[in-house]
Amino acid sequence: MTDAQGSGGGIKLTIRDVAKNFGGVRAVTEVTTGVQEGEIFAIIGPNGAGKTTLLNMISGFYHPDEGSIVFEDKDISNTPPAKIAEMGVARTFQNIALFRGMTVLENMMLGRHVLMKTGVLSAFLYWGPAQREEVRHRERVEEIIDFLNLTDLRKTLAGALPYGLQKRVELGRALAAEPRLLLLDEPMAGMNQEEKEDMVRYVLDVNQEWGTTITLIEHDMGVVMDISDHVAVLDMGAKISQGTPDEVRADPKVIEAYLGTSDQKEVA
Amino acid sequence: MAELSTLPEYMLRNAREMGDQPAMRDKYLGIWKTYTWSQYAQEVRDFALGIASLNFKRGDKLGIIGNNLPKLYWAQVAAQSIGGTAVPVYQDAIAKELAYVLRHSEAKVIVAEDQEQVDKILSIKDELPGLEYLIYCDPRGMTDYDDANLKSYDDVRLAGQTFAASNSSYFDDEVGKTTGVDIALMCYTSGTTGNPKGVMLSHEHLLANAGRFVDAEGIRPDDDFLSYLPMAWVGDTAYGPVLSMLVGSTCNCPENPATVMRDLRELGPTGIIAPPAIWEGMLSTLQLKGVSASPVKRKVYNYFCDVARRIEDLKYENKATPGGLGFWAKIGEIMVFGPIRDQLGLRRARWCYSGGAPMGPDTFRFFRGMGINLKQGYGMTEVGGLVTLQPDDEATSDTAGRPTTGVEVRIEEDSKEVQIKCNSIFAGYYREDGKTAEAMTDDGWYRTGDAGLINENGHLIIIDRAKDVGKLQDGTPYAPQFVELKLKFSPYINEAVSFGDGHPFVSAMVAIDLENVGKWAEEHALAYTNYMDLSQKTEVINLIAEEIRKINQGMPEVSRIKRFLLLTKDLDADDNEITRTRKLRRGFIAEKYGPVIEALYGGAKDVELRLAVTFEDGSESFIDAHMAIQEAA
Chain A
1 MTDAQGSGGG IKLTIRDVAK NFGGVRAVTE VTTGVQEGEI FAIIGPNGAG KTTLLNMISG
61 FYHPDEGSIV FEDKDISNTP PAKIAEMGVA RTFQNIALFR GMTVLENMML GRHVLMKTGV
121 LSAFLYWGPA QREEVRHRER VEEIIDFLNL TDLRKTLAGA LPYGLQKRVE LGRALAAEPR
181 LLLLDEPMAG MNQEEKEDMV RYVLDVNQEW GTTITLIEHD MGVVMDISDH VAVLDMGAKI
241 SQGTPDEVRA DPKVIEAYLG TSDQKEVA
Chain B
1 MAELSTLPEY MLRNAREMGD QPAMRDKYLG IWKTYTWSQY AQEVRDFALG IASLNFKRGD
61 KLGIIGNNLP KLYWAQVAAQ SIGGTAVPVY QDAIAKELAY VLRHSEAKVI VAEDQEQVDK
121 ILSIKDELPG LEYLIYCDPR GMTDYDDANL KSYDDVRLAG QTFAASNSSY FDDEVGKTTG
181 VDIALMCYTS GTTGNPKGVM LSHEHLLANA GRFVDAEGIR PDDDFLSYLP MAWVGDTAYG
241 PVLSMLVGST CNCPENPATV MRDLRELGPT GIIAPPAIWE GMLSTLQLKG VSASPVKRKV
301 YNYFCDVARR IEDLKYENKA TPGGLGFWAK IGEIMVFGPI RDQLGLRRAR WCYSGGAPMG
361 PDTFRFFRGM GINLKQGYGM TEVGGLVTLQ PDDEATSDTA GRPTTGVEVR IEEDSKEVQI
421 KCNSIFAGYY REDGKTAEAM TDDGWYRTGD AGLINENGHL IIIDRAKDVG KLQDGTPYAP
481 QFVELKLKFS PYINEAVSFG DGHPFVSAMV AIDLENVGKW AEEHALAYTN YMDLSQKTEV
541 INLIAEEIRK INQGMPEVSR IKRFLLLTKD LDADDNEITR TRKLRRGFIA EKYGPVIEAL
601 YGGAKDVELR LAVTFEDGSE SFIDAHMAIQ EAA
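Heads up: the sequence lines are chains A and B, in that order. Residue numbering for the first sequence follows our numbering, starting at 1 and increasing by one per position. Residue numbering for the second sequence follows our numbering, starting at 1 and increasing by one per position.
Hints may contain errors.
Claimed, not checked - With a straight-line Cα cutoff of 25 Å, these simulated SDA-like cross-link-like pairs (lysine to any residue) come out:
1. Lys196/A to Arg140/B
2. Lys155/A to Pro257/B
3. Lys196/A to Pro162/A
Quick caveat, the hints were computed from the structure, so don't treat them as lab data.
Please model the complete structure; the sequences and the hints are all you need to start from.
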């Protein structure tokens with residue numbers, strides 16, 4: 001298994017020797033990895049391993065102190081988040097970040113914002129091209145609503161929904177931006193078994209039916225191993241393993257990071 | 001022009017005479033899409049030729065499974081056009097139940113809504129030797145299936161277009177060959193005992209039945225109806241597609257089952273049929289909104305609801321409404337009644353029906369009071385749907401209405417069984433000649449199995465299943481379900497069992513409604529630990545006694561409940577006391593509660609009973625119950 005997936009046009013995202021410090025704390029150290037076009041790529045690791053920091057660097061919330069991040073041949077290491085979103089990277093958050101006072105439909109229409117061309121004045125007048133654009137965007141959002149089975153909730157306030165559904169709406173909002181790379185920060189966190197199975201189904205459907213490349217972070221190894229094509233394992237800010245789920249599962253370093261040393265295991 | 005006698009003939013007439021008028025609507029991706037009669041006929045033609053190219057022949061059966069969708073309705077008419085029979089089945093049935101119906105009906109082609117239904121059918125494929133093709137409407141998630149006998153709806157439609165190129169007159173020829181007596185629809189009725197039975201209905205049966213409804217309610221081409229009830233229920237076909245073919249009205253399919261209430265409001269249909277459960281659901285939603293509204297709104301709502309109720313009570317007693325109340329009713333129309341009709345999507349509805357089960361008088365009068373023309377009807381699959389309806393000015397909560405034009409109803413002298421004669425009595429149960437013969441009298445009337453009576457206004461009143469009706473010791477007829485229903489209309493009573501057959505008077509065992517009585521207890525600062533404790537509190541017994549006193553007032557002296565007791569546990573399907581669909585198992589109850597019945601008629605003040613209870617995991621235990629017996633006023 002080569003790091004950064006070697007050669008070819010199939011590379012969506014390349015992360016090379018990336019590091020990030022917060023004061024004296026090295027959150028991420030010299031991580032090198034890559035995501036291939038059309039795959040589901042998971043980043044796993046124990047709490048505090050630096051997973052979210054890495055994701056935040058891809059989406060531009062943080063900029064790496066060292067190394068580079070390349071998305072579709074463009075270096076985005078120092079690009080602001082809004083710009084990265086426009087380039088085709090959308091994300092969801094570990095703690096839900098929906099507009100609670102807006103409806104499901106409005107939240108998802110907001111996801112289209114990056115694709116809207118209409119200026120303030122013509123949008124205000126809602127005339128001609130602005131109206132046509134709104135209708136076109138609404139059609140796409142309705143397809144996503146249908147895809148995620150949210151039809152009965154489109155006029156419901158996001159804040160009034162149960163947790164699992166809010167997560168699904170957040171996924172919908174990210175999809176509304178028609179991303180070529182979708183970043184999911186712990187999409188299954190805090191969910192019950194049924195909600196988890198639903199979410200896994202949707203993530204797989206997005207990947208298979210729409211061909212969207214997905215990078216997800218997950219704390220829970222079980223789910224990830226079933227759906228990912230490749231997995232990278234972080235521990236204490238450094239990448240300790242990478243490969244297919246089977247390779248990673250067999251890697252002694254991973255077992256140690258998750259279960260403690262083999263000595264401890266015998267004691268337990 | 002010759003008299004039209006089949007559904008496809010009516011469809012072709014509509015396509016000719018009102019080709020650009022809406023025939024169907026379907027909400028898809030948040031937008032109502034309209035299909036005209038020309039499009040409708042084209043879709044049916046394409047699909048009919050598509051299944052013809054898959055070797056679907058005259059007399060074959062086409063299974064339909066899914067929620068209400070234009071494609072499924074078109075498939076149904078397509079099969080009927082080329083001489084086949086549509087067999088819609090319940091979309092929420094589990095695989096095992098489906099297997100029986102689909103095997104028994106010998107369905108050759110099945111049209112399923114989506115992946116979920118396809119998976120269900122595939123899981124029972126081995127039990128369906130007659131099945132040749134499975135067709136799905138929604139392609140989502142279907143990419144990984146590679147079964148040669150699995151086809152998409154669109155593929156079949158395209159195959160039909162190809163087939164048409166070389167067989168241009170096939171469709172019209174086949175429609176020409178189809179006659180009114182051909183079986184168009186087969187609905188499986190659940191029944192309380194044994195396997196479901198396939199009720200065969202011909203084109204003529206369906207059209208005759210729909211014709212009666214058109215006469216009764218004056219259905220017009222510009223009428224809009226929401227097709228939201230299960231397709232397997234005869235009424236969905238009878239009051240949806242058949243009605244629309246007969247007069248040219250429009251069928252509208254909801255987006256999905258969860259959006260029905262919202263779709264209803266957007267659409268504003270001109271008439272609606274719903275089971276009592278839906279009306280009760282609407283009422284409780286309104287009441288919930290009423291409680292959580294601001295104090296001013298709540299006061300206004302409650303005040304005008306009270307006005308409406310007083311007016312309905314006066315109407316019920318045939319008294320004139322005093323001028324003052326009439327004035328407030330006009331204000332109420334603007335402030336409350338009109339907006340509520342609008343909220344429910346019933347602003348344009350000329351008629352609303354409740355059927356399938358009796359409805360509580362309070363719910364019934366609430367909707368009447370809101371200016372909603374809610375009425376009751378009675379019918380069954382075996383007569384094509386419709387038997388009796390209430391005319392607008394004779395709507396009450398306790399009757400099923402008058403026989404519609406051309407329907408004769410008689411009550412059998414001894415058993416009080418309701419028997420029916422009309423021109424849409426079914427052609428028989430499919431492959432069940434013995435059961436068909438049992439269902440008919442020697443002189444050709446259909447035996448409903450329901451016991452009823454006809455009141456002084458000529459309205460039919462259904463009292464019970466005929467086999468449950470008995471006699472008190474003095475010979476007075478006694479219908480347990482009639483008494484039990486009256487008890488269950490009380491919000492404080494969840495279940496009730498009444499006794500009387502062969503006894504000197506009527507008595508009852510009552511299971512309280514834990515939620516409502518619990519709430520009542522909290523409001524009255526009454527502490528309790530569990531169901532058993534609550535049910536034996538003097539205050540609760542008095543509460544139920546008062547409910548029974550009110551119920552007794554509305555009944556003739558001899559049928560009144562004389563003695564009752566409160567059960568210390570609710571009736572439970574796990575304990576075999578009721579079925580999963582909450583129907584009483586009388587035989588079992590009589591045995592299990594033998595000592596209670598003895599005590600009720602023996603004059604004892606209380607009774608001790610050791611009750612076996614079954615827990616959810618199947619384990620059993622015994623509970624010693626002590627129940628006090630009360631004399632009712």
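Each hint, compared with the structure:
As the CA atoms of Lys196/A and Arg140/B are separated by approximately 20 Å, the hinted pair is consistent with the 25 Å bound. Taking the CA atoms of Lys155/A and Pro257/B, the gap is near 16 Å; set against the 25 Å cutoff, the hint holds. A hinted pair counts as satisfied when its Cα atoms are at most 25 Å apart, and Lys196/A with Pro162/A qualifies at roughly 14 Å.
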